[in-house]
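Chemist: Here's the letter readout for the chains.
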Amino acid sequence: MNVIIQAIVTGLLLGGLYALVGVGMSMIFGVMKLTNLAHGDFMILSSFIIVVFLQHVTNNMFVALILTIIVMLFFGTIVQKFLINRVIDKGADSPLLVMFGLSVIIQNALFLIFGPNAQIINTELMRTNIVSTQMLSVSALHLVNFLVAVAIIVALTVIMNKSSLGRAIRASSSNIKAAELMGINTKRMYIYAMGLTIIVTCVAGLLVGSTFMYFNFTGTQYLIIAFGVVVIGGMGSLMGTLIGGMILGLSQLLGATFFGTPYQTLSGFLVLLIILSIRPQGLFSKAIRK
Amino acid sequence: MSNKYIMQVEKLNIHHGDLQAIHDVSMNFERGAVISIIGANGAGKSTLLNALVGLHKPTSGKITFCDENITGMLTSKITSKGLSMTPEGSGIFEDMTIMENLLLGSYLPEAKKVRNEQLKLVFELFPVLKEKEKQLATFLSGGQRQMLAIARAIMAKPKMIICDEISLGLAPVIIKDIYRILKMINETGVTLVIVEQEVKRSLKYSDYAYVLVKGRVVMEGPSQELPETEVSNAYFGIDKYN
Ligand SMILES: Nc1ncnc2c1ncn2[C@@H]1O[C@H](COP(=O)(O)OP(=O)(O)OP(=O)(O)O)[C@@H](O)[C@H]1O
Ligand SMILES: [Mg+2]
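One line per chain: the protein sequences are S and F, in this order.
The letter at position 163 of the first sequence is residue 163 when you use the working numbering, and the numbering goes up by one with no holes.
The letter at position 122 of the second sequence is residue 1122 when you use the working numbering, and the numbering goes up by one with no holes.
Calculated from the structure, these hints are not laboratory results.
Heads up, some of the hints might be wrong.
In silico DSS-like cross-links for lysine-lysine, where the CA-CA straight-line distance does not exceed 30 Å [said to hold, decoys possible]:
#, chain 1, residue 1, chain 2, residue 2
1, F, 1183, S, 81
2, F, 1062, F, 1159
3, F, 1157, S, 90
4, S, 81, F, 1081
5, F, 1057, S, 33
6, S, 90, F, 1081
7, S, 162, F, 1062
8, F, 1081, S, 187
9, F, 1120, S, 81
10, F, 1130, F, 1183
11, S, 187, F, 1200
12, S, 162, F, 1057
13, S, 162, F, 1183
14, S, 187, F, 1183
15, S, 187, F, 1176
Which chain S residues face chain F? A few, computed with CB under 7 Å, are given here [stated by the list, open to error]:
#, residue
16, 163
17, 167
18, 168
19, 171
20, 174
21, 177
22, 178
23, 182
Note that the Cβ used here is the ideal one computed from N, Cα and C, for glycine as well.
Can you make the complete structure from the sequences, with help from the hints?
Modeler: Now the structure itself:
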């Protein structure tokens, strides 16, 4: 019984982190109907950059994160403006290929610069347990991951639903021509959406990088997790990703508990398949359009 | 304000790929007037209007709005100059609420300043939108959609509004209502360009009319002076115009 409770708690907390990994991908898809195949690499790239700042510039984790966000915003703007915006209205294939190419480039660049070694962001949190009884142990890191993830997803949802910027971004995804007629520069909205995504992704990069080891090629692994989260929750639904992440985390941990650790990933995606066969549009997508 | 024309179109040619949809079209829209563009399906009306607001790039020719050359300008930029449009099929944001649609109408900084005042006006003109402000636009009826499109267009307090086929598929009483409101809007000094398929209605509600056949202007003049039968003949492609 204890093991099951432990698995449920850890699974839900891990799920929050997964949701944060997926929410950026959901956002990009929701706004510009683009499946960002480099999403995981964006995140791992920010994990690498945070470490660079921590080693050479500052000891303060928060400062390192802010600096990383600034660098990544610069990177994201260039990618959006000079790569994605140029091909986004040329059908579905070209943007997909561009992002795939970018993924390959990032992974190889990371390899050239940092080599093949495993990395991890060192934090005090890692070694602290908040709850530690015979029944249950909860690491501070997992709890912080979860709380930060929830806070960020809620904040993002509020920005998208209540602010003028969020409204303009949604208008650009709803009807490009009409949005332009409202005076909205839709391509610029794409850049802003990418910017918001980048900020969230950098936070995810910090949390993931301090929780698990990563390599230059680890982005792909998180791309698959992001896919799972977004597909369960429903493409483009931000709150859905939170539930999607928790379902994925929960099914992974329960699977690992019952069938052994090698089955962790498999059981997660088994649940994904089951949900997809029942609700192909995901749990929280507003039905299928067009 | 020296120029009596708010918009001038000179020798406009527009293509869709290889197909030329608009041939050498020149037009002058007088400030404060209601201008009607009449033409059958496929005459090129939407192509022309879309070019006026920058949604379609003309091959050659010049478009001037308020003495400024706006040819080839981004739509979002043109909108900021005071030109609004209700696109064919209303073009409302389906998955957003009525209120959100209206707020988007006053997205630009200049428009935000007059937001409250325009919102009040809009709800006076269209009380039904006030009732349904929290509903998603996708649940509106055809007539209500056109009303929302007009309401959204006037949120920015534009100098000129272009309406593409505002009456298509609507019941006669609703059409009458919409034209009554358009007239009220025009009386506040807004220039209107309306596209219609119905000759009689076009001439009745406008000050000046252009007849478009296969992408060319074949007839134009003050609406009261244009003989309805001749316009109809041109419209249906009878005799000399074919
Ligand atoms: N996107 C497009 N690609 C290719 N051809 C087009 C496109 N849009 C319009 N056309 C062609 O251009 C011509 C003019 O079309 P347009 O839509 O401007 O006519 P219209 O007068 O608005 O017609 P309707 O009354 O049916 O709305 C037609 O022959 C049409 O087939
Ligand atoms: Mg048309």
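Chemist: None of the hints should be skipped; say for each whether it holds.
Modeler: Hint-by-hint comparison with the structure:
A distance of roughly 43 Å separates the Cα atoms of residue 1183/F and residue 81/S; the hinted pair therefore is violated under the 30 Å criterion. The suggested pairing of residue 1062/F with residue 1159/F holds, with an alpha-carbon distance near 20 Å, which does not exceed 30 Å. As the CA atoms of residue 1157/F and residue 90/S are separated by approximately 34 Å, the hinted pair breaks the 30 Å bound. Restraint check: the Cα-Cα separation between residue 81/S and residue 1081/F comes to about 25 Å, which is no more than 30 Å; the hinted pair holds.
For the given pair, residue 1057/F sits about 25 Å from residue 33/S by alpha-carbon distance, which is consistent with the 30 Å threshold. Only pairs whose Cα atoms come within 30 Å are accepted, and residue 90/S paired with residue 1081/F is accepted, the gap being roughly 29 Å. For a cut-off of 30 Å, the pair hint linking residue 162/S to residue 1062/F is broken: about 40 Å separates their Cα positions. For the proposed pair residue 1081/F and residue 187/S, the alpha carbon gap of about 19 Å is at most 30 Å, so the pair holds.
A threshold of 30 Å between alpha carbons decides the hint, and for residue 1120/F with residue 81/S the separation of about 39 Å lies outside it, so the pair is violated. For the hint pairing residue 1130/F with residue 1183/F, the CA-to-CA distance comes to about 21 Å; that is within 30 Å, so the pair holds. Restraint check for residue 187/S and residue 1200/F: not satisfied, since their Cα atoms lie roughly 42 Å apart, outside the 30 Å limit. For a cut-off of 30 Å, the pair hint linking residue 162/S to residue 1057/F is broken: about 34 Å separates their Cα positions.
Between the alpha carbons of residue 162/S and residue 1183/F the distance comes to roughly 34 Å, so the proposed pair goes past 30 Å and is violated. Taking the CA atoms of residue 187/S and residue 1183/F, the gap is about 36 Å. The hint is violated against a cut of 30 Å. At roughly 39 Å between alpha-carbon atoms, residue 187/S and residue 1176/F are farther apart than 30 Å, so this suggested pair is violated. Given the 7 Å rule on beta carbons, the hint for residue 163/S is violated: about 11 Å separates it from the nearest Cβ of chain F.
Residue-level restraint check for residue 167/S holds (minimum Cβ-Cβ distance to chain F is 6 Å; threshold 7 Å). Hint on residue 168/S holds. Least Cβ distance to chain F is approximately 6 Å, under the 7 Å limit. For residue 171/S, the interface hint holds, since its Cβ comes within 7 Å of a Cβ in chain F; the closest pair sits about 5 Å apart. A cut of 7 Å between beta carbons decides the hint on residue 174/S: the least distance to chain F is about 5 Å, and the hint holds.
Restraint check, residue 177/S versus chain F: the minimum CB separation of about 6 Å is within 7 Å; hint holds. Contact between residue 178/S and chain F, as hinted, is supported at the beta carbon level, the nearest pair being about 4 Å apart and thus within 7 Å. Against a cut-off of 7 Å between C-beta atoms, the interface hint on residue 182/S holds, since the closest Cβ of chain F lies about 5 Å away.
When the structure is compared with the earlier hints, violations turn up for hints 1, 3, 7, 9, 11, 12, 13, 14, 15, 16 and for no others.
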